[in-house]
Amino acid sequence: KQEVTQIPAALSVPEGENLVLNCSFTDSAIYNLQWFRQDPGKGLTSLLLIQSSQREQTSGRLNASLDKSSGRSTLYIAASQPGDSATYLCAVTGGKLIFGQGTELSVKP
Amino acid sequence: GAGVSQSPSNKVTEKGKDVELRCDPISGHTALYWYRQRLGQGLEFLIYFQGNSAPDKSGLPSDRFSAERTGESVSTLTIQRTQQEDSAVYLCASSSTGEVQPQHFGDGTRLSIL
Chain A
76 KQEVTQIPAA
86 LSVPEGENLV
96 LNCSFTDSAI
106 YNLQWFRQDP
116 GKGLTSLLLI
126 QSSQREQTSG
136 RLNASLDKSS
146 GRSTLYIAAS
156 QPGDSATYLC
166 AVTGGKLIFG
176 QGTELSVKP
Chain B
-10 GAGVSQSPSN
0 KVTEKGKDVE
10 LRCDPISGHT
20 ALYWYRQRLG
30 QGLEFLIYFQ
40 GNSAPDKSGL
50 PSDRFSAERT
60 GESVSTLTIQ
70 RTQQEDSAVY
80 LCASSSTGEV
90 QPQHFGDGTR
100 LSIL
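Chains A and B, in that order, are what the protein sequence lines are.
The opening position of the first sequence corresponds to residue 76 in the working numbering, with each subsequent residue numbered one higher.
The opening position of the second sequence corresponds to residue -10 in the working numbering, with each subsequent residue numbered one higher.
Hints in this document: simulated from the structure, not taken from any laboratory.
Treat the numbers as computed from the prediction; the structure is a model and nothing was measured.
Incorrect hints may appear among the rest.
Calculated from the model, a selection of chain B residues having no Cβ within reach of chain A, i.e. all distances over 10 Å [claimed, not checked]:
{"id": "1", "residue": "-3"}
{"id": "2", "residue": "93"}
{"id": "3", "residue": "99"}
Below are the DMTMM-like pairs computed for lysine to aspartate or glutamate, each with C-alpha atoms no more than 25 Å apart in a straight line [as the list claims (entries may be wrong)]:
{"id": "4", "chain 1": "A", "residue 1": "117", "chain 2": "B", "residue 2": "9"}
{"id": "5", "chain 1": "B", "residue 1": "46", "chain 2": "A", "residue 2": "102"}
{"id": "6", "chain 1": "A", "residue 1": "117", "chain 2": "A", "residue 2": "179"}
{"id": "7", "chain 1": "A", "residue 1": "183", "chain 2": "A", "residue 2": "114"}
{"id": "8", "chain 1": "A", "residue 1": "76", "chain 2": "B", "residue 2": "52"}
{"id": "9", "chain 1": "B", "residue 1": "46", "chain 2": "A", "residue 2": "78"}
{"id": "10", "chain 1": "A", "residue 1": "76", "chain 2": "B", "residue 2": "7"}
{"id": "11", "chain 1": "A", "residue 1": "117", "chain 2": "B", "residue 2": "13"}
{"id": "12", "chain 1": "B", "residue 1": "0", "chain 2": "A", "residue 2": "102"}
All C-beta atoms, glycine included, are put in the ideal place defined by N, C-alpha and C.
With these hints in hand, go ahead and build the complete structure from the sequences.
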């Protein structure tokens, strides 16, 4: 059974800092891995999707990496801003999405 | 274009009543998913529709839960004889071809069972 774990559960950083969020999964047989952000009371916004054959994806200040063999992904956020404050979720798919519990990020001005 | 639309955004009902939640996917998206997010917990998969194939119902928690989809359009999730543990945010997502494409989520329906 696929299990997805995210570390840390919560993170507070000052504005401008670079940071890394971690995601690990137990079964490497995935189609892709997707990172989302969720703002309070809102649905999920897709940030990056990495296909199983890819190693990384970049969008603006965000960079996500995937190491399928070790069952790990990281989301790197450069020069963090208060607007980045949200819960970040990673999810793997072999059909349906299996989600981690999320990392709650707070970026302080 | 329009994103995934869910209605109602909030629903409060008494224990034992039936509720129906609606999802309008992005036009042209053949895959549609329902998830549940209970307070303080992660998202749980409920059901997956892909085109005209038989849906994957493996995540439905009990026979009180059912879902339908008409072709590649609207889906409804029905919960019969609601219980307090059904209180959650129910999220719908759609994608263009299924497993390898990103899923796009609606804002969810917040369901509260009194």
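Outcome of the hint check:
no.: 1; hint: -3; verdict: holds, 14 Å
no.: 2; hint: 93; verdict: violated, 6 Å
no.: 3; hint: 99; verdict: violated, 8 Å
no.: 4; hint: A/117 x B/9; verdict: holds, 20 Å
no.: 5; hint: B/46 x A/102; verdict: holds, 21 Å
no.: 6; hint: A/117 x A/179; verdict: holds, 14 Å
no.: 7; hint: A/183 x A/114; verdict: holds, 16 Å
no.: 8; hint: A/76 x B/52; verdict: holds, 23 Å
no.: 9; hint: B/46 x A/78; verdict: holds, 19 Å
no.: 10; hint: A/76 x B/7; verdict: violated, 32 Å
no.: 11; hint: A/117 x B/13; verdict: holds, 16 Å
no.: 12; hint: B/0 x A/102; verdict: violated, 37 Å
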